[in-house]
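These protein sequence lines are chains A and B, in that order.
In my numbering, each number is its position in the first sequence, counted from 1, plus 4.
In my numbering, each number is its position in the second sequence, counted from 1, plus 4.
No lab work stands behind these hints: they were computed from the structure.
Just so it is clear, the structure is predicted and the values come from calculations on it, not from any experiment.
Just so you know, not all the hints are guaranteed correct.
[To be verified] Far from chain A, by Cβ distances over 10 Å, these chain B residues were calculated: (1) 33; (2) 69; (3) 99; (4) 160; (5) 382.
[What the hints assert, rightly or not] Selected chain A positions facing chain B (Cβ under 7 Å, derived; list incomplete): (6) 76; (7) 120; (8) 234; (9) 261.
[What the hints assert, rightly or not] Dumping the calculated EDC-like pairs for lysine to aspartate or glutamate here, alpha-carbon to alpha-carbon at most 20 Å: (10) 274/A to 270/B; (11) 264/B to 172/A; (12) 54/B to 70/B; (13) 37/B to 316/B; (14) 274/B to 270/A; (15) 264/A to 256/B.
Virtual Cβ for every residue (Gly too), placed ideally from N, Cα, C.
There are 2 protein chains.
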Amino acid sequence: MVRIGLIGFGQQGKLYSAILTGTPLPGMPPIPKPEECVLTAISARNEICKGQIEAMGVRYFQNWQELVASDVCDAVVITVPHFAHHEIAITALNAGKHVLCEKPMTVRASDAQAILDAQQTNPGTKLAMMLNQRANSLLQKIKTIIDSGELGAIRSSYYISNHWWRPDSYYATNPWRGTWSGEGGGILVNQACHPLDLWIWLCGMPQAVYARCLEGAHRNIAVENDVTVLARYPDGGQGVFITCSHDLLGTDRLEINFAKGKILLEENRKATVLRYTQPEGSFGDSYDFRTFYGILMQNPQEIYTREELSAETAFCGDYVQMFRNFAGYILRDENPIAPAQAGMHQVQLANAIQLSGWTGQEVTLPCCCDDYDNWLARKIQEETAQ
Amino acid sequence: MVRIGLIGFGQQGKLYSAILTGTPLPGMPPIPKPEECVLTAISARNEICKGQIEAMGVRYFQNWQELVASDVCDAVVITVPHFAHHEIAITALNAGKHVLCEKPMTVRASDAQAILDAQQTNPGTKLAMMLNQRANSLLQKIKTIIDSGELGAIRSSYYISNHWWRPDSYYATNPWRGTWSGEGGGILVNQACHPLDLWIWLCGMPQAVYARCLEGAHRNIAVENDVTVLARYPDGGQGVFITCSHDLLGTDRLEINFAKGKILLEENRKATVLRYTQPEGSFGDSYDFRTFYGILMQNPQEIYTREELSAETAFCGDYVQMFRNFAGYILRDENPIAPAQAGMHQVQLANAIQLSGWTGQEVTLPCCCDDYDNWLARKIQEETAQ
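Modelling step: build the complete structure from the supplied sequences, incorporating the hints.
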């Protein structure tokens, strides 16, 4: 059994406390309590939460430092604002606690590296990321298909991840939202962590990116909320990643092209897997090009097969799976679904995209941390000087 | 009645001669002969075609110069290889003939400008482009919706135009295919003229482009056949254009996002038009962001309406429409469906994309003709030196 201390009791923290204690949410289906996890402590700065927390039979701390220093938990789950992640994670690891960190690991890759270093100097600790979309059963099936190699090498991926509609009234709910000083960025730091992670997980890490990042596009905010990325990969493959917060009926579509097939993923709920009966390049040996199109119309099964996949979704099932996996990682060294390196890669990619947007130049990955940190410092300074 | 001389009797020339004479194609539905057009002459370098042409009751010329100089036609239709377009078009215009030019107008924008100049110095002549996809009834409906302004300003367009699968055996059918000296480029000069034109027609001309152009991607050719473009527009909008010749089951998908709606066009055959009940930005005034998503699930008609449109297609109907329109343009000064300027813009955009790919820099439109021409000359020189 892993004794878990939750740091932060905002929207996400409250959800995790319900999941970890098996408390049903009003009007929602029951959530199976993750095995091998027990919630023993919560830290929340606002003392008004104390009663609610203690009513769950959970120890309350006002300061996360006291929770980390205490002996009531083996692991902490960090669900506080991004800029506070690295200090808490490092302190917890140095105190011998395992860490499950909410996305993004950090704003800056330099801070993420400090967390990874702290884990290395405390080899008894485990560090993993709450990148829960990796636990989606459909995405796991796709990952298995890609890794099996049956579709061959990836040639291109085109990801439109615009399903992050946020109106001005959303950004106005908290003064830190949509600011450089409060969040360290916009959609790249907040909403798009998930698709950036999935893109890396499924298609690999780009070698270089060129990006356009529009700041305050159709919104009264300082940070980027409309991003278009052109990526290239070490093996010569191409990628495009698009994300914005002003697409009302936001498109969520990932297309991956392989030497021997194609995968189309829509809204993380439905996938179409097309498998070619030969490698793409060799169809031209069998048919001339017009004959090929005739067969494609009249006898497509000579060319390809089609499989439709869908997600088996249970309410909060991905979170439950992530907690189970975190416990298994700690107790039996099971493979983490989202290892620390995944958090690092996602931050490195987000940083490189920002840096390319700011400089107007293609940026090679991993980008220079000093360059990114200096640019971000300047953005924060300009904002707070206003 | 417009008397038409056809210059070139290759694949496209043969098709146009059948259309203009109302000759049924074997195994295909009948094609309605375009009114006000009569095919009076064809030039074809290969004298073996003479009998076939004269059997249609059409005058045969071996040299296009003789056809242009003759008095048997009022207009010429140019369907010869790209590099020959400008010399023929300029000669024909200077001889007082109207010109309908196959796409692309030219390889180089500098040559296209010379054609436009020749038309200007011969004000009695009419010059138009055979960009037949503009005659597609579905695309015309979409164009009308966009131009009406009901959906507001365009914010972004994402075009995946990968339905140009061509195997190595296709490129091997003619020695000029897939070469700089023979075609002046690859997919940007040949196959993707249509989607580039449609993109400009529907979404406007970009202000600047950044592009990656892979030459010989998965094919044994010298020219570009895998292109990814990031475009920006004068009003701050964003665009992405993707095209390649190695996607076996090629995606053809154009998404356009507006302030008040969204259009999704698939394979030029099916379109979905989503109209928001308010401008996108103002939904946040009416609903908080979580309430919005609840309504979107349960009562979507409060948020938007959906209209599905499809194309009314007749075999070769778009070509027939283009010929009719060309005659109307000549005889009654009707608006041309694809005016000369459309041909010019398409070439300017293709040139700018190539130049960005070659230089690795963003290129402002229209790009410097000398820069493009020098780069192309170097590509041709390198190729022929091998």
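Handout entry: Unsatisfied constraints (hint numbers, rising)
Key = Numbers 4, 6, 7 - these are the hints that the structure violates, sorted from lowest upward.
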